[in-house]
Amino acid sequence: MSSVNDFVVRFANVNGTGSASANYLFAKAVYRMGIPVSAKNIFPSNIQGLPTWYEVRVSEKGYLGRKAGIDLMVCVNPQSMKKDIASVKPGGYFLYDSTKKLHTSEYRSDIHFIEIPIMEICNREFTDPRQKQLFKNIVYVGALATLLDIEVDEIEKLFAEQFQGKEKLIAPNIKALNLGSDYIKENYKYPLEFRVERRDLVKDWIMIDGNSAAGLGAVYGGATVVSWYPITPSTSLVGAFESYANELRKDPVTGKNNFSIVQAEDELSAIGMAIGANWNGARSFTATSGPGVSLMNEFLGLAYYSEIPVVLVDVQRAGPSTGMPTRSQQSDLLLAAYASHGDTKHVLLFPSTPTECFEMMADAFDYAEQLQTPVIMMTDLDLGMNDHLTPPFHWDDARKYNRGKVLSAAQLDEVEKWGRYLDVDNDGIPYRTIPGTHPTKGSYFTRGSSHDEYAAYSEDSDTYVRIMDRLVKKLETAKTIIPKPDFYQSKNLSDIGVIFVGTTRYAAEETLDIMKENGKIIDAVRIKSFPIHDSIAEFIDQHKVVYVIEQNRDAQLRTLLINELEVNPKKLLKVLNYDGTPITADYILSHLNLQNSNN
Amino acid sequence: MSYIKPKFQHPRLPKNPLGYTRKDYEGSLSTLCAGCGHDSISAAIVDACFELNIEPHKVAKLSGIGCSSKTPAYFLSNSHGFNSVHGRMPSVATGANLANRDLLYLGVSGDGDSASIGFGQFGHVIRRNLNMTYIVMNNGCYGLTKGQDSATADYGSVSKSGHANSFEGIDLCALAIELGATYVAQSFSGDKTQLIPLIKAALAHNGFSFINVISPCVTFNNNVGSTKSYDYVREHNEALNTIDFVPIREEITTEYDHNKVQTVEMHDGSLLKLNKLSPEWNPENKLSIITALQKARIDHEILTGLLYLDSKSVELNDILNTTNKPLNTLTEKELCPGDSVLQTINASLR
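Protein chains in written order, with the numbering used here: chain V, 1 to 599; chain W, 600 to 949.
Derived from the structure by calculation, the hints contain no laboratory data. Hints may contain errors.
[Stated by the list, open to error] Computed footprint of chain W on chain V; a stretch qualifies when at least three of its residues, placed anywhere within it, have a C-beta under 8 Å from a C-beta of chain W:
1. 206-219
2. 258-269
3. 274-284
4. 431-437
5. 575-581
Every residue, glycine too, gets a C-beta built ideally from N, C-alpha and C.
Isolated chain V, as found in the complex (with noise of 0.2 Å):
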């Protein structure tokens, strides 16, 4: 069976060897050649040893989830020899570092093995100790260009700017790029039956990761005061963030930054001087996953009734407790909806693109300030971590930043009697100041305790309902303001739909095209926000089932639109990958029980 652009190779290494680049390398040479490609990362909670896994697929019709079923394992880590041999598909190739070879009882008949002794050639081939370690990974690189065609051109090309600067590196890659290449050439058939060929499908289309997109959206929307705590997945934004902010905020003439971050003791810490920074009329936020969240709680809680913008990212990881902390998951839903005690609730938003990623985040203070309220952009470690082919970003250079309702001096001077908490325009959103604004006008006391609309102290039911209602209200008026769901069909072509969010996004759309192909059509939506737009319930009852494919065991997504909906809970069904590597289309295709439709 020969097959063009359509196949998973999956590289098998030991982490902290500089495999990462190399596979890095391979993929954005057939991105380079126009076929589209996705790349998922599937690696340990450890810096040096353990086993790690690099996924690439390659796929004509431009499909960029996760597919299960290897293709090409290309295996250089003898700890998961076995089990990467038992992963491979029958009629599959394992390729591996035969310097110490395979037991015989280690083959299995219903693959191929293809045996390169790359450890015997680089020992061979380089003197230094580093080179012989870093080049078994091009060797193996320019073995799978010659086996799946891929124009060794682009390779090279990708060698230059690599090592721009460092041009006396280049040829040494080179060198080993074609010891694989020559090696394949000169001992197998070449190419093999799947392999790819040049198109023209990727358009302007750009690679990054999404926490990359998230720490530039945050430069772009102007965020000032940044503060965090390591924590993986979510590291990189803020690493991003720093990265681009050094290279464009800094102040012409001094050189100073037009930025400042901090590391923060610990995830409390964190969101407080994000809060505390808001406050004080910064656009602030910090970034984190799931266990920072769950210690973020008394913050978010304080923000939500004291009326504090704050920006909030949660790129989601394997929970509950530390979980897979290097594993993706959609499992802070309901944690980040209703965050902190009491009766609260939150604007979240979810993004499945890093293009999403960029424009949620910039967009994500205007939503803060404008509401007055956190605003938590779920993202999850396949999208934050992992590089996606995604359209380009653009940026409005006539955009003012939204700041909401904040008085300057010249207001407060012609407003009467001013109350923090006055609801005036009937939205639910009341005018606030910022210190050091007026000598006379607007000052107030910012509590978490109760209050009036003047930001008293108060213990009275009645004020006390008023201001919780109206904190209600606001959410309603935040449903115009923040993303609406993605419809994908103008009107409903069948009686079953499929709901979800973020970065199932992928394998979703990938079930919906083969299911066409099939014949069978199904309406979907996607979710981009909470509070759930209303249409969400409408659609829910235009259809006699829906199901709602998410990534977490206890189908949140599904509660959520239970509890804030109040539809038919029976009408829910679940599909849910909860595994921690993302969800497929065979999974949902799997999981999904069409005799239900009359369609």
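Once you have looked at the hints, place chain W on chain V.
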């Protein structure tokens, strides 16, 4: 409260050079117990700000949770206040300060707030040398929850219910010095003469100023046997110095005995005149004060006055190389790199 504080101001009340009367620095009426040490500290803050000629709205006052943390409502009503969550005021103050380095930040906390639940944040805000004044109103007990021992209660101190504390008390001043605080003072709520200049100098200091004020809890910890009672503190107070704070541009009118007085110039040009009562102590020498504090602990004495000062302190915004203009005043022009830069970034990602 059964009565309302009168708003009437006497037309001939003295004004400071900015044209504000002392009343302009006051807050709402205290709801703390009559005789609470905290109210004296609030009054000292009012006096210090009035005399220092500070614009009230250029101060941000922040606190955590507890009796002490209620006090920002009782002073500087023209300043924005933030009563945050228990033990977390330092982080809120840090964010606020980074957002606008031009305001004065006054944090008020208690011994429960700083030495227990907020111990971590207390330590880290010191390490960062945040430019703020941090006052702990220290009464050795949890007043709002009816008098439990706090972590600063001294070993052996007897509570109102009659039991002796069996744990070591935390010395916040020694800790602050150890962690790198650049201004550390200790005082007593019953000694306004000492406290007011200490607050003034703290507000003028460029960096983290810490003042631990022993402030007796009249309701739960003012009994015989308590080491935080009015009587005990008066008896065991060992003043290291008397100080006089001379703000910048103000003429020095008092005569000083130059053999005993040490003058320290502060960051903004203000002068601190220290009348040394203890010859072996030097406010700019960490070792001497650490030794003195250890000795005082053994001798059951409470050292008061200015304990330590690093007049060359570099505050957080300067450590981070942050621009001089307050970050909260920057606009799209300074903050947003624009679409053409973005297109270059796109190109680098292909």
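Each hint tested on the structure:
no., hint, result
1, 206-219, "holds (count 5)"
2, 258-269, "holds (count 10)"
3, 274-284, "holds (count 10)"
4, 431-437, "holds (count 5)"
5, 575-581, "violated (count 0)"
Hint compliance for this structure: hint 5 is the single one not met.
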